[in-house]
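Visitor: Next come the chains, spelled out residue by residue.
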Amino acid sequence: MRRIGIADTTFARFDMGGAAIDELKAQGTGFKVERYTVPGIKDLPVACLKLLQEGDCDLVIALGMPGAKPIDKQCAHEASTGLIRAQLMTGKHIIEVFVHEDEAEDEGGLAWLMDRRAREHAVNAYDLMFRPERLAKRAGKGLRQGYDDAGEIKAAMSSTSTPSKGGGWKE
Amino acid sequence: MRRIGIADTTFARFDMGGAAIDELKAQGTGFKVERYTVPGIKDLPVACLKLLQEGDCDLVIALGMPGAKPIDKQCAHEASTGLIRAQLMTGKHIIEVFVHEDEAEDEGGLAWLMDRRAREHAVNAYDLMFRPERLAKRAGKGLRQGYDDAGEIKAAMSSTSTPSKGGGWKE
Amino acid sequence: MRRIGIADTTFARFDMGGAAIDELKAQGTGFKVERYTVPGIKDLPVACLKLLQEGDCDLVIALGMPGAKPIDKQCAHEASTGLIRAQLMTGKHIIEVFVHEDEAEDEGGLAWLMDRRAREHAVNAYDLMFRPERLAKRAGKGLRQGYDDAGEIKAAMSSTSTPSKGGGWKE
Amino acid sequence: MRRIGIADTTFARFDMGGAAIDELKAQGTGFKVERYTVPGIKDLPVACLKLLQEGDCDLVIALGMPGAKPIDKQCAHEASTGLIRAQLMTGKHIIEVFVHEDEAEDEGGLAWLMDRRAREHAVNAYDLMFRPERLAKRAGKGLRQGYDDAGEIKAAMSSTSTPSKGGGWKE
Amino acid sequence: MRRIGIADTTFARFDMGGAAIDELKAQGTGFKVERYTVPGIKDLPVACLKLLQEGDCDLVIALGMPGAKPIDKQCAHEASTGLIRAQLMTGKHIIEVFVHEDEAEDEGGLAWLMDRRAREHAVNAYDLMFRPERLAKRAGKGLRQGYDDAGEIKAAMSSTSTPSKGGGWKE
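Protein sequences, first through last, are from chains A, B, C, D and E. Residue 62 in this note's numbering sits at position 62 of the first sequence, with consecutive numbering throughout. Residue 93 in this note's numbering sits at position 93 of the second sequence, with consecutive numbering throughout. Residue 22 in this note's numbering sits at position 22 of the third sequence, with consecutive numbering throughout. Residue 135 in this note's numbering sits at position 135 of the fourth sequence, with consecutive numbering throughout. Residue 93 in this note's numbering sits at position 93 of the fifth sequence, with consecutive numbering throughout.
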């Protein structure tokens, strides 16, 4: 039985953790969920570490909603840096699901976005654990979580390399 | 007997550590407090590490007041990054309670905010150690420490996932 | 048999991983390729660590396309910092191949740039593993990956040191 | 016999290390000083680590003068981050004494500030090692090193917590 | 026989590594040089680690030329942070010699600056290994590498500390 951790905050204005758990269960079975709620996003790195080490989780989804002020952007940066460090310490994935309060124009749109992104990253987390081939098939497809996918683009000209020219390309 | 560390500074203009200790004692018993005062916020990471390792604390509350100048914001960023690293080194929580000198309009309001935030984060620290279920019940409730809570928001439309469409959502 | 890892994302809008693999195979033989696709660039550091440790790769090429918004630049910074940490943890190279979405004027040019840079860095990766003397010969040559090489420059005046003058140079 | 390390630079325009040593000796006895001079502030983290590990120092004072340009601010940020990491690696304090070249209006004022801050932080270092109770008594007193102290402030209204209201405070 | 590592890039537009080696040899003997060339500055941290660990070097000089665009400044920041981490991992010095492409007004001046700074930092590296007393004698002398030295400054007023006044200074 695999274990998926859910780390979320009381600061966020929507129950992203609940949405992620609901979506995970819609994807399939074969895993248990362990949830850990902390005050804010800067408490998430050690919360995820505890879920991965003490809680023996195989993967954690870390959900939060940074505020709109410059100081909030800095907090998000510090939290993200810590989440990456926690992954490198454990060799396990932590899927960061952050929605910045200024990404939507009103509260209804913000809540919708928090719900959508949490659900779509829950699918990514499930894929990483149970069906990685599904991600491999979508490499470079311009996928997004929340709003529309950006989609794949095509090169304007054919391209062949010229290593003998020093790795530089002359147009 | 659990141990809670209090790390604060001589740079701060209000006794945040004292407010946090006072509030902790109002929450309940079953813990001892160990206090360590350093000059400034950049001295807090190693002070917290000492409290967690040498002082054998289970959790530390780190309190400080970054100044209003750009260089002070940078110091706060460096201190926060170190506090997160110290948590990942020990697997224990450090609740950061920073009040930026420019968060309030006058000295009276600043002191009030420093007192409030220290007290409300002391409650969060107590909850993390003694009643985590209290935090779990408040996941996504938009709680704040100091000023008013932001509160919970509702989605403008119902949401169901479409993993078969590649994790992307078409409006 | 050496092993080269390819870590890429579903967020990118062009198959940079495919281009890198195609170019690697055009350079020579003597290596196996292991590919790992994750959702976004912040998932790359631990993906590369897994390729280097669990996948026993000797080197990894990490490919991604940060978006054009300020928050995307911050994500790229966090990902790059993690990629450097992963290299220092393993003592192995991770060649970062990032193309920022705002580096080109249109989608065709962007796709072309993503393809070119992926291919030219694949050559760099191959050189690091199989022909380091090729890089040594090009030290200080102003090479670029994607657009034109900047080229080498010459000093405007001859230069001799004056260590006896305290390491400072008086014009 | 305790050991205090002094790490300074040839880049700084005033002998901050000399001022710190002079002040330390004015505070009391019972310690030996070990001094290590490096070119610039980015060389200070490993210099301090060497003093703490190879030189067996109990505490180090790191003194430097970042320049006034944006790039210098970035260097100071990198150096400070490294100094905090070195503290967390050793569990020992490194008192950072940086004076930015643009903190004073002229060279005389800058030299005065570099001397003052070095001396007042030397007192902080001495207190951390030999009389921590002196720092504890000054928690939240708004102390500064160099220019005037900011001083303590008082709250505009009395404050009592309302944990039962969810950690949020309603004015 | 001591060992000095030289890590440089193919991105730089001038052979800084060659200048550093030439200058080192002009300083004296008793050391061997090991050179390692990588594509860009973000590849320098692990290259330096390899020189220090696998190459058993006692010290490394890391030379690079960050570009003039904001993204290049960010790359330089990431590289510098990694170089400091590599130093803390090994307890050995890495002398960073970066010349930003926008530090000079034309290509001739840029190449001159790259040559000068590489040479003068090579002297610093030699001093750190073979004559540290030479650096100690220059503490606080305002030395620069490349352009003119800034020089030493004098305090505008005599200064005596007032620790009994709480570490704060009243003008």
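Mixed in with the good hints, there may be bad ones.
Where chains are identical, the list cannot tell them apart; a pair therefore holds if satisfied intra-copy or between any two copies.
[To be verified] Straight-line Cα separation of at most 35 Å, DSBU-like style, residue types lysine-lysine; simulated pairs:
{"#": "1", "residue 1": "K73", "residue 2": "K25"}
{"#": "2", "residue 1": "K137", "residue 2": "K69"}
{"#": "3", "residue 1": "K137", "residue 2": "K25"}
Hint data in this document are derived by calculation from the structure and do not stem from the laboratory.
Visitor: Hints first: check each against the structure and report whether it holds.
Guide: Results of checking the hints against the structure:
Proximity of K73 to K25 under the C-alpha cut-off of 35 Å is found in both arrangements, the shortest distances being 32 Å within a copy and 33 Å between copies. Proximity of K137 and K69 under a CA criterion of 35 Å is satisfied inter-copy only: 27 Å between copies versus 38 Å inside one chain copy. With identical chains, the CA atoms of K137 and K25 are at most 35 Å apart both within one copy (23 Å) and between copies (20 Å).
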